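J.: If you want the building blocks of each chain, they are given just below.
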Amino acid sequence: AQSVTQLDSQVPVFEEAPVELRCNYSSSVSVYLFWYVQYPNQGLQLLLKYLSGSTLVKGINGFEAEFNKSQTSFHLRKPSVHISDTAEYFCAVREGNTPLVFGKGTRLSVIA
Amino acid sequence: DGGITQSPKYLFRKEGQNVTLSCEQNLNHDAMYWYRQDPGQGLRLIYYSQIVNDFQKGDIAEGYSVSREKKESFPLTVTSAQKNPTAFYLCASSIGRSGTGSYGYTFGSGTRLTIV
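Sequences listed follow chains A and B, in order. The numbering of the first sequence is this note's numbering, which starts it at 6 and goes up by one. The numbering of the second sequence is this note's numbering, which starts it at 444 and goes up by one.
Everything labelled a hint here was simulated from the structure, so no lab data went into it. Model, not experiment: these values are computed from the prediction. Even for Gly, the Cβ is constructed at its ideal location relative to N, Cα and C. Some hints could be false.
Computed spacing ranges between beta-carbons, pair by pair [unchecked claim]:
| # | chain 1 | residue 1 | chain 2 | residue 2 | range |
| --- | --- | --- | --- | --- | --- |
| 1 | A | Ser89 | B | Ala524 | 36 to 44 Å |
| 2 | A | Arg82 | B | Thr557 | 15 to 23 Å |
| 3 | A | Lys74 | B | Ser450 | 38 to 46 Å |
| 4 | A | Ser114 | B | Asn471 | 35 to 43 Å |
| 5 | B | Asp497 | A | Leu61 | 33 to 41 Å |
| 6 | A | Tyr44 | B | Ser510 | 47 to 55 Å |
Here are the simulated DSSO-like pairs of lysine-lysine, each with C-alpha atoms no more than 27 Å apart in a straight line [to be verified]:
| # | chain 1 | residue 1 | chain 2 | residue 2 |
| --- | --- | --- | --- | --- |
| 7 | A | Lys109 | B | Lys513 |
| 8 | B | Lys452 | A | Lys109 |
| 9 | A | Lys63 | A | Lys74 |
| 10 | B | Lys500 | A | Lys109 |
| 11 | B | Lys452 | B | Lys526 |
| 12 | A | Lys109 | A | Lys63 |
| 13 | A | Lys54 | A | Lys109 |
| 14 | B | Lys513 | B | Lys452 |
| 15 | B | Lys514 | B | Lys500 |
In isolation and in its complexed conformation, chain B is listed as follows:
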């Protein structure tokens, strides 16, 4: 079945360490997104990519980095510069081509990152 896989589901890291969250999709979608979810804050956009080898900052990109070397993969690195990284991270994808905004997103099941 096609879908999005985020791994791991739970991740613990020490303060000051960089950590990379994995996101893989086999839906043949062009666009991929990373959102951060905190209680009562909804989903806030970190980065997105509409095509391979290109990505744009979202509303809260500081302290995060991404790459998009393959269509299927969009890993997110949480760097030590991110002041409060403990959160639930959601990856999503969409068809992405012009005129396909009505299709919405398919979401992964999320990664809960805890800094100890």
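Chain A extracted, bound-state conformation:
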């Protein structure tokens, strides 16, 4: 069975500093990997996804993620965060057409 572990429940970071949100997954087969962002009282928006090919994936709002098969990780990074990046971020995994399995989320707080 698939599972996703987001290693940090909360990450505070100063504005314009870099940030990394960590995600590890477990699966016995090839998977698709996703990062979503959620602003307060809203649904989730897709940031980026890894399907195959290049292990570095670029998404919206300056975010990128690196797929590491040997470490079963898919960490999300941004070189310089902005106040508007304050939100909750969810990593998710999917095998084929099965439902997405989500991690418990990481709350990113950007401090001015």
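Position chain B relative to chain A; hints supplied.
T.: Below, chain B alone, put in the same frame as chain A:
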């Protein structure tokens, strides 16, 4: 514009009453999903449907029921058997056909249900 509409955004009900949450999509997606979100718990799958007139239980289906009579609609009923129904409920859809798992989901904006 195509998208998913959840209504209402906020819902209050008395304990012991059944309540139905609406989810409608005009994306022509085959698959639809209901997730429950609680603080610190992430999203947990309640039910999903990959085709009209068919649906499957997710990880926390007890106390919930669904129907899928139309492709566009996937209402969720929270019954009085659900022990702790206060939560944020998210509906999502995806293309759903075999081989399209890479497309991910489109989400609605959610319904916050509070039992008073």
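J.: If a hint holds in the structure, say so; if it doesn't, say that too.
T.: To see whether the hints hold, each was checked on the structure:
1. A:Ser89 / B:Ala524: 36 to 44 Å: Since Ser89 of chain A and Ala524 of chain B have Cβ atoms about 42 Å apart, the given range 36 to 44 Å holds.
2. A:Arg82 / B:Thr557: 15 to 23 Å: Given range 15 to 23 Å: violated, Cβ gap about 37 Å.
3. A:Lys74 / B:Ser450: 38 to 46 Å: 42 Å, holds
4. A:Ser114 / B:Asn471: 35 to 43 Å: Distance hint for Ser114 of chain A, Asn471 of chain B holds at roughly 38 Å.
5. B:Asp497 / A:Leu61: 33 to 41 Å: 39 Å, holds
6. A:Tyr44 / B:Ser510: 47 to 55 Å: Check failed, 30 Å falls outside 47 to 55 Å.
7. A:Lys109 / B:Lys513: Violated. Lys109 of chain A to Lys513 of chain B sits at ~32 Å, over the 27 Å cutoff.
8. B:Lys452 / A:Lys109: 23 Å, holds
9. A:Lys63 / A:Lys74: 17 Å, holds
10. B:Lys500 / A:Lys109: Distance ~20 Å between Lys500 of chain B and Lys109 of chain A Cα, so the pair holds.
11. B:Lys452 / B:Lys526: 22 Å, holds
12. A:Lys109 / A:Lys63: 23 Å, holds
13. A:Lys54 / A:Lys109: 18 Å, holds
14. B:Lys513 / B:Lys452: Holds, because 22 Å separates the two Cα atoms, which is no more than 27 Å.
15. B:Lys514 / B:Lys500: 18 Å, holds
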